[in-house]
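Chains as they are written, first to last, in our numbering: chain G, 1 to 316; chain V, 1 to 286; chain W, 1 to 464.
One thing to keep in mind: the hints can contain errors.
As the list claims (entries may be wrong) - Using 30 angstroms as the maximum straight-line C-alpha spacing, the simulated DSS-like pairs for lysine-lysine come out as follows:
1) W:Lys291 with W:Lys307
2) G:Lys91 with W:Lys460
3) W:Lys291 with G:Lys91
Honestly, the hints are just simulated from the structure, not real lab data.
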Amino acid sequence: MNNAVVAAASESGKKVRLRKRSADHPGVDIPGMVLFLPAALLLLALFVLPVGYAFYLGFTDITLIGPTAVHFHFTGIKNVLRLGRDTLFWKSLWLTAVFLAGSVVGVTVVGMALAVLMQRSAAWLRAGVGAVSIVAWMLPPITVAVVWYAFTTTDGALSLVTPGDGDSLNHFPMLVVTLANVWATAGFSMLILSSGLRAVPSEVIEAAVMEGAPRWRIFTSVTLPIMRPTIVTNILLVTLLSLANFALIYIMTAGGSDNSTDILPVYSYQQGFVFKKLGYGALLGDVVVIIATVFAYLYVRVARQRPVRTRLADGV
Amino acid sequence: MSGNGTAGVAPKAETTSPVQKRAALLTNLLLACLGLLFLAPMLWLFLASVDEHASWSLSLPTFTLDHLAQAISGRFLRALVNTLYMALVATVISTVAGTLGGYALSRRRIPMRDGLMVAVLFLTGIPIAIMIIPVFQMFSSLGWLSLIPTGVFLGVTSLPFALWLIKTAMDSVPKELEEAAQIERAGVLQIILYVTAPLALPGIAAAAIFSFISAWGAFLVPLVLISDANELPGPILIYGQISASQTHYGDIAAFSIVYSLPVVVLYILMSRPFAGGFLMSGAVKG
Amino acid sequence: MHPVGTPRMPRPYVKIASLLGTALLAASMLPASGLAADKTIVTVAYSPTYVFDTNDLAAKWWTSVKEQFDTQYPNAEMKLVPIEGNYDDIVNKLSLLYRSPATTPDVVQIPTPVVAQWVASNYLLPLDSYVANTDWYKDFPQVIRDEGTFDGKVYAVSSGENDSMLYYNKDMFKKAGLPVPWNPQNWDDILTAARQIHAKVPDVVPMWLMAGTTAGSVGIEMGAGNLLYGSSDPTIYDEATQKWVVDSAGLRETLGFYHSIYSEGLGAKLSDLFSPTPHTVPVTDIIPNQKVAIVLGSNFYGGQWGKVVCAPCWDKATEVEGVAPIPHVKGQAPNVATTVAGWDYAVAAVTPHPKEAFDAVNVLSNRRNSIDIANWSGFVPGSSKFANDPELIDFGPPVNELASKIIQYGRILPPLPDFEVWSKGLQQTTGTMAQHPETSVDDAIGILKDYVTNQLGDDKVETK
Chain G
1 MNNAVVAAAS ESGKKVRLRK RSADHPGVDI PGMVLFLPAA LLLLALFVLP VGYAFYLGFT
61 DITLIGPTAV HFHFTGIKNV LRLGRDTLFW KSLWLTAVFL AGSVVGVTVV GMALAVLMQR
121 SAAWLRAGVG AVSIVAWMLP PITVAVVWYA FTTTDGALSL VTPGDGDSLN HFPMLVVTLA
181 NVWATAGFSM LILSSGLRAV PSEVIEAAVM EGAPRWRIFT SVTLPIMRPT IVTNILLVTL
241 LSLANFALIY IMTAGGSDNS TDILPVYSYQ QGFVFKKLGY GALLGDVVVI IATVFAYLYV
301 RVARQRPVRT RLADGV
Chain V
1 MSGNGTAGVA PKAETTSPVQ KRAALLTNLL LACLGLLFLA PMLWLFLASV DEHASWSLSL
61 PTFTLDHLAQ AISGRFLRAL VNTLYMALVA TVISTVAGTL GGYALSRRRI PMRDGLMVAV
121 LFLTGIPIAI MIIPVFQMFS SLGWLSLIPT GVFLGVTSLP FALWLIKTAM DSVPKELEEA
181 AQIERAGVLQ IILYVTAPLA LPGIAAAAIF SFISAWGAFL VPLVLISDAN ELPGPILIYG
241 QISASQTHYG DIAAFSIVYS LPVVVLYILM SRPFAGGFLM SGAVKG
Chain W
1 MHPVGTPRMP RPYVKIASLL GTALLAASML PASGLAADKT IVTVAYSPTY VFDTNDLAAK
61 WWTSVKEQFD TQYPNAEMKL VPIEGNYDDI VNKLSLLYRS PATTPDVVQI PTPVVAQWVA
121 SNYLLPLDSY VANTDWYKDF PQVIRDEGTF DGKVYAVSSG ENDSMLYYNK DMFKKAGLPV
181 PWNPQNWDDI LTAARQIHAK VPDVVPMWLM AGTTAGSVGI EMGAGNLLYG SSDPTIYDEA
241 TQKWVVDSAG LRETLGFYHS IYSEGLGAKL SDLFSPTPHT VPVTDIIPNQ KVAIVLGSNF
301 YGGQWGKVVC APCWDKATEV EGVAPIPHVK GQAPNVATTV AGWDYAVAAV TPHPKEAFDA
361 VNVLSNRRNS IDIANWSGFV PGSSKFANDP ELIDFGPPVN ELASKIIQYG RILPPLPDFE
421 VWSKGLQQTT GTMAQHPETS VDDAIGILKD YVTNQLGDDK VETK
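Let the sequences and hints guide you as you build the complete structure.
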């Protein structure tokens, strides 16, 4: 069985078959529901309910400690009003956007470079670089934080090649934490993009080669358009994983220096667990949930569009 | 090779022209540079782990094996076993529920399937920090503040992604095989176990690895949910070493290395079933 | 990819299954910890990494305490509950555990600044009737009693306190032509010395003065707070108006001192100031490695260089390192400024066995344990009887002697939840001054004011 062929088949729209089939059986599909039940129950009990409750806490005056720790009240939009006035929140929102944009671009470019280069490199090099990049992804976030702290501090390895006092972490904190995130996520992206690259039908590429198109042109006009769904998925996942990646920044900078790495998950933690204002912290977390929802929705919009047909392929 | 590494220009052309040779050299060179960039930050880890006077700075080590010996003894070893236990529970939970659920999403009629898939996906992006209070409240009232329930919870946090990966993998398994099995009067579970799952194994393996790694590196959740000294997982111990009044740089580095070995072994063991497993495209295409 | 064939278990399955099997087998061999059912179990929450100078000493002390308690009270057994992480993590984890009686430890060691919030949550048991019968509480000085007393009731008792002082390197002082012993009478004396070091002794940091956010409120306790308490207006929280002070003569004097240090290049490098554990940088690195001349630091450094703690060992500590009290800005009497904060023992209000719980506090507070925890954590013991014990004084001379002597002049930081906000504002301000030396005092005050006002609102801040 050839994975590439199957994927290519589904790319070119033959996938409707599956949908038709399920439409063939109207009514409730009991065995199907039963199979889905464990996942549904687990998600409901340990994910959806806690998130729902956290959403509610965002509209209360609950604190971690003090009189309102246990006896807290619903305070309506009071926290939301505060959010509007909170200049740090708006700064934090901006920093989150910067961190996500930097991470997504960095991870996708590096991941794609790895995937493409590995496809055509010597086998031993492919194995070696693949292992290193995947190990970087597999390392616990705490190790990544420690490693990158040591790498970018004064007298760290990076200081050997940077001018000045070599204290990259404190001079360019956002750049450093973004790079650390790229380093720790690119291996994952490489796996996704490699899977997508494998699924590009070789016939299409060979046809383009026969036409004598230059290699970069084939890549930008054939490979990339065919891989679009994979790339979009990759972008969404990197966005979501970066958004949820709290430990890295918390340990490396704790939001500093000068609040310059205070992305929303870190600021939310700061409000909830340093200032003990759990209610307001939860509301900041709710904003993250909303951002995640918006990204997921956008993703579906983009993914639903018909795959772009390649100009070169059309020409054949 | 299974004949699928051909997305680029076919590398094995009959004649290797000087241009192609140069291109190949350039490819290898670029990749080697990228590899070195990935390796560079790890340099400190290796040096500090064998340095008697380790600090945050990069320096030539005064060689010692004490840190590494320390990292595989006593409470460090226990932490390693604890994490393994917790991560395996998480992996089993998310892979089993993910395989059954993924099959249902791929093959059966589930109401509002596309909406569900999106809902499931966005759960991946939720910051764990906001769930601490609800989950702590729930777990403490049920008396679940220990290793296994924490593993279950971590498994559920990876479940959305597992469902996605496995559903996508199963979508590309041809239905004819299952129909053939159905004619042989095989039950649904048998079909999943013997027909669909083996063919979707790259996706399932990818989901398992993803869950394992998330649980393996989990830091905030066990910090909050686990109180028993005998149940602490590794990241908490590393964190404790950082926040201690005296930072044990060498021990941190050594334990980080020892702590990474299981995931490296996992990768080597599963790199074959893993290949192509992260095929994610088209999962919610209508 | 995989051959389509007869339904059999593919090889990767076997691999995965055997991997899982081995791991589960290994995990199931973990011994289960059992407790005798007929004994009263007293749970005690403590930090295994943060409070003591080394993790080994923490383990040694707590194991010994448990043994003493279990022997002394055969019908009870102490169960230790370790709380991992740093200051914030410990407070957070304890706050969560206290939300439900089922998870509440009977006895807890908590930082003194948060005791008030525990009391406000009705989490703690008044201990008046218990402490009355002890031989150690009556020797607690007033400032230390106050830390654990609210509305006239005792809710917590000290396990040890930290205060602050100036450390100076005698060799460097001599090289710079400065007097030894050094006894600065006001802040200008400190600045003059730092400037002279800067001019005469190259390649050393003239003065360590904590700045930035990574240490949390500990950075205020062991840094700016001491200067503010030696300024002409030390008010942080105005009790009368119930507002936080964001601009005052005292704050301007304090930030003026920061401005002098950092704008004249007299301060330490950023990677040390902003390291994940900046409060340990002087004691573990720059003092024993003789990289700094003057340090405004904590008394906990005192015993750390000796043979017992040895973190790191430094034979010449008493020869090289001198100490002096932090003076007031213009030398006002008593001319000793210091913050005081420490760790208290408290008993949970919901404990089903208060007597046994206090028995545990009693064991924790006996002479042997008080002196050991003080020596191994760098504390001044709560009881003045132990604070002047030769075993303590000789453990870290001359630091411990001075620390015990000046604790009576100490002031606590406001024990209110919003102190964390004000504190974070000041940490940011000092951090900015260290990172951007051109920051003026007016700008610095602006940063503090903006931060605190944004978090707490206009009606919660005031200018004095």
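> Which numbered hints are broken by the structure, listed smallest first?
Replying inline: Number 3 only.
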